[in-house]
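*Asks:* Chains A and B, in that order, are what the protein sequence lines are.
Per our numbering, the first sequence starts with residue 1, numbered consecutively.
Per our numbering, the second sequence starts with residue 1, numbered consecutively.
The hints are simulated quantities; they were obtained by calculation from the structure and are not laboratory data.
Since the structure is predicted, the reported quantities are computational estimates derived from the model, not experimental observations.
Don't take every hint at face value.
[Said to hold, decoys possible] List time: in silico DSS-like cross-link candidates among lysine-lysine, alpha-carbon distance up to 25 Å: (1) Lys277/B - Lys147/A; (2) Lys27/B - Lys277/A; (3) Lys27/A - Lys147/B; (4) Lys277/B - Lys147/B; (5) Lys147/A - Lys27/A.
2 protein chains.
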Amino acid sequence: MAAAVALGERGRGRTAPNPHVGCVIVKEGRVVGRGWTQPGGRPHAEAMALAEARDDSRGAIAYVTLEPCAHESERGLACANLLVDSGVARAVVAVRDPDSRTNGRGLENLRTAGIAVVTGVESEAAERSMAGFLMRHRLGRPFVTLKLAMSIDGKIALPSGESRWITGEDARAHVHGERARADMILVGRGTYEADGPRLDVRLPGLEDRSPRRAILTRGDTVEGWTRLGNPEEVHALRDVNDLLVEGGSGAASAFLAADLVDRMLIYRAPILIGEGKSALGYVGLDSIAAAHRRWMLTDTRPLGIDRLEVYERVRASSGKVGTGFPPG
Amino acid sequence: MAAAVALGERGRGRTAPNPHVGCVIVKEGRVVGRGWTQPGGRPHAEAMALAEARDDSRGAIAYVTLEPCAHESERGLACANLLVDSGVARAVVAVRDPDSRTNGRGLENLRTAGIAVVTGVESEAAERSMAGFLMRHRLGRPFVTLKLAMSIDGKIALPSGESRWITGEDARAHVHGERARADMILVGRGTYEADGPRLDVRLPGLEDRSPRRAILTRGDTVEGWTRLGNPEEVHALRDVNDLLVEGGSGAASAFLAADLVDRMLIYRAPILIGEGKSALGYVGLDSIAAAHRRWMLTDTRPLGIDRLEVYERVRASSGKVGTGFPPG
Numbered sequence: 001m002a003a004a005v006a007l008g009e010r011g012r013g014r015t016a017p018n019p020h021v022g023c024v025i026v027k028e029g030r031v032v033g034r035g036w037t038q039p040g041g042r043p044h045a046e047a048m049a050l051a052e053a054r055d056d057s058r059g060a061i062a063y064v065t066l067e068p069c070a071h072e073s074e075r076g077l078a079c080a081n082l083l084v085d086s087g088v089a090r091a092v093v094a095v096r097d098p099d100s101r102t103n104g105r106g107l108e109n110l111r112t113a114g115i116a117v118v119t120g121v122e123s124e125a126a127e128r129s130m131a132g133f134l135m136r137h138r139l140g141r142p143f144v145t146l147k148l149a150m151s152i153d154g155k156i157a158l159p160s161g162e163s164r165w166i167t168g169e170d171a172r173a174h175v176h177g178e179r180a181r182a183d184m185i186l187v188g189r190g191t192y193e194a195d196g197p198r199l200d201v202r203l204p205g206l207e208d209r210s211p212r213r214a215i216l217t218r219g220d221t222v223e224g225w226t227r228l229g230n231p232e233e234v235h236a237l238r239d240v241n242d243l244l245v246e247g248g249s250g251a252a253s254a255f256l257a258a259d260l261v262d263r264m265l266i267y268r269a270p271i272l273i274g275e276g277k278s279a280l281g282y283v284g285l286d287s288i289a290a291a292h293r294r295w296m297l298t299d300t301r302p303l304g305i306d307r308l309e310v311y312e313r314v315r316a317s318s319g320k321v322g323t324g325f326p327p328g
Numbered sequence: 001m002a003a004a005v006a007l008g009e010r011g012r013g014r015t016a017p018n019p020h021v022g023c024v025i026v027k028e029g030r031v032v033g034r035g036w037t038q039p040g041g042r043p044h045a046e047a048m049a050l051a052e053a054r055d056d057s058r059g060a061i062a063y064v065t066l067e068p069c070a071h072e073s074e075r076g077l078a079c080a081n082l083l084v085d086s087g088v089a090r091a092v093v094a095v096r097d098p099d100s101r102t103n104g105r106g107l108e109n110l111r112t113a114g115i116a117v118v119t120g121v122e123s124e125a126a127e128r129s130m131a132g133f134l135m136r137h138r139l140g141r142p143f144v145t146l147k148l149a150m151s152i153d154g155k156i157a158l159p160s161g162e163s164r165w166i167t168g169e170d171a172r173a174h175v176h177g178e179r180a181r182a183d184m185i186l187v188g189r190g191t192y193e194a195d196g197p198r199l200d201v202r203l204p205g206l207e208d209r210s211p212r213r214a215i216l217t218r219g220d221t222v223e224g225w226t227r228l229g230n231p232e233e234v235h236a237l238r239d240v241n242d243l244l245v246e247g248g249s250g251a252a253s254a255f256l257a258a259d260l261v262d263r264m265l266i267y268r269a270p271i272l273i274g275e276g277k278s279a280l281g282y283v284g285l286d287s288i289a290a291a292h293r294r295w296m297l298t299d300t301r302p303l304g305i306d307r308l309e310v311y312e313r314v315r316a317s318s319g320k321v322g323t324g325f326p327p328g
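Turn these sequences into a full structure, and let the hints guide you.
*Replies:* Set out below in structure tokens:
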């Protein structure tokens with residue numbers, strides 16, 4: 001299943017509104033088929049894996065990160081039916097699909113056809129991988145990642161406004177990788193004015209993976225960009241699983257104040273700035289006590305001379321990071 | 001020698017103006033004597049180790065972290081002479097003593113007496129351990145450590161001034177340990193007014209290790225406290241090897257602007273504060289480029305829910321952290 005999750009990750013940033021699912025078909029201890037959701041959302045992972053396995057699927061085990069879909073579409077057959085037709089003997093599923101068109105019916109169809117079904121395997125890893133899709137169906141909004149590049153002391157510019165460069169090339173390349181993994185990136189009006197045309201993916205081989213772009217502004221929209229009047233309007237982004245908020249300080253603070261950030265990527269440069277522009281403004285805090293128990297450092301690693309710190313929001317409902325929901 | 005450095009560390013914070021030296025005497029592969037500089041600076045490490053070794057010192061090897069002193073004092077014989085009298089066959093020395101009363105004469109006295117002398121062994125570890133003493137003799141000032149406790153975004157209080165608690169109990173206990181290892185702690189006037197009486201060591205068994213206290217102020221001094229009118233006056237602190245600057249923001253910024261900080265201990269709480277009081281004010285920066293290549297993260301580790309980040313000043317003279325001097 002870990003291999004299936006890793007395969008699913010290949011689709012990240014290019015499958016929305018569909019989830020990026022992974023599928024591995026194993027027969028007699030040998031992998032006979034591998035699949036992942038293709039760009040645009042079709043074919044699905046199961047269809048691709050079954051096409052590779054061909055007749056070897058008879059009596060095999062299918063590992064799939066998300067419950068196979070139960071709904072036909074003009075773009076393809078329901079994956080549950082494909083699995084039944086393929087003759088697999090057993091299906092191992094990580095997470096139940098919260099999409100109302102499936103939501104248990106995929107598993108039911110498999111069982112009715114006599115396939116042995118096991119669920120909840122490696123569900124934590126699959127939940128993390130597809131957090132955006134799952135969150136959209138459960139909370140009606142995308143998984144929101146906030147990127148902040150700052151000094152040791154939390155500053156992003158000198159009083160003069162000079163801000164290039166706080167972080168080095170490795171950190172900036174990492175940001176481009178995160179853009180390629182998002183369905184949409186969002187900036188505030190000020191950052192749009194300063195950097196708008198540059199907000200694409202500039203990594204060799206990934207140039208075509210630049211995500212859609214959104215601007216947070218009370219003013220007019222920009223041609224080709226999606227406009228959000230306030231952070232709550234992420235609930236209207238029906239086809240975005242993963243949203244990357246790139247700044248600046250105003251947009252970042254507005255999303256934090258609305259408690260609409262699930263993950264923060266802090267690119268920390270080993271410099272002190274002192275007097276200057278802070279990374280954040282008002283984030284809705286009334287007391288120091290209220291600031292605690294909201295964030296957990298889940299990863300930290302060097303990126304050239306800088307350091308990446310990944311913080312995830314601890315949701316009170318589960319005490320866990322990520323989607324905050326128990327595995328479906 | 002690593003064992004000798006570790007023994008020397010036992011004296012840290014209680015030997016100034018003397019260095020905290022460690023000494024191990026080995027005979028036929030067996031440790032026969034161990035010593036470290038005692039509180040108040042005497043007896044010296046060699047005297048203690050030789051007293052333990054007694055007759056076993058004949059023909060033994062003495063490992064000592066600093067060149068044995070060559071100067072007699074009313075408080076004890078010169079260690080070089082003690083070693084000669086003890087009959088050791090060989091002396092292994094990590095670092096040469098820059099004190100003008102010794103500075104090579106200790107080694108010379110040993111050699112003249114027919115003892116085989118090796119220098120420069122584990123000198124980097126010994127240099128780090130005794131950085132304060134060495135810096136005082138080489139630059140005429142103590143080794144300065146700056147402590148800062150802050151949020152992810154570099155804030156130390158809400159706009160209201162509320163600042164308790166940013167960090168948790170483990171981080172605060174670690175600060176008390178750092179106090180016990182310093183010869184003197186310094187705060188600005190504001191922090192003195194807020195926390196003055198509390199600036200002691202409150203760790204079980206270490207209550208008697210509270211260091212001397214200093215206040216950075218243009219105003220009057222406080223009874224029992226040393227007054228510094230500005231950071232440059234650290235050059236007048238003749239009997240302090242290790243100075244810990246505890247804040248607040250004004251004192252920290254003044255020391256950084258004067259480039260008189262050698263090491264920073266950042267206690268980082270996993271919280272966001274947003275609008276509020278910044279950890280630092282003006283630190284003398286004219287451009288972002290000038291902020292780079294000054295600090296290196298040399299250690300980071302969890303402290304309860306918080307994280308300690310240790311940054312050391314990279315001195316241009318050597319490109320190294322620490323005292324910035326090649327081993328003596």
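*Asks:* It remains to establish, for every hint, whether it holds in the given structure.
*Replies:* Each hint tested on the structure:
no., hint, result
1, Lys277/B - Lys147/A, "holds (22 Å)"
2, Lys27/B - Lys277/A, "violated (62 Å)"
3, Lys27/A - Lys147/B, "violated (60 Å)"
4, Lys277/B - Lys147/B, "holds (16 Å)"
5, Lys147/A - Lys27/A, "violated (43 Å)"
Violated hints, listed in ascending order, are 2, 3, 5; each of the other numbered hints is respected by the structure.
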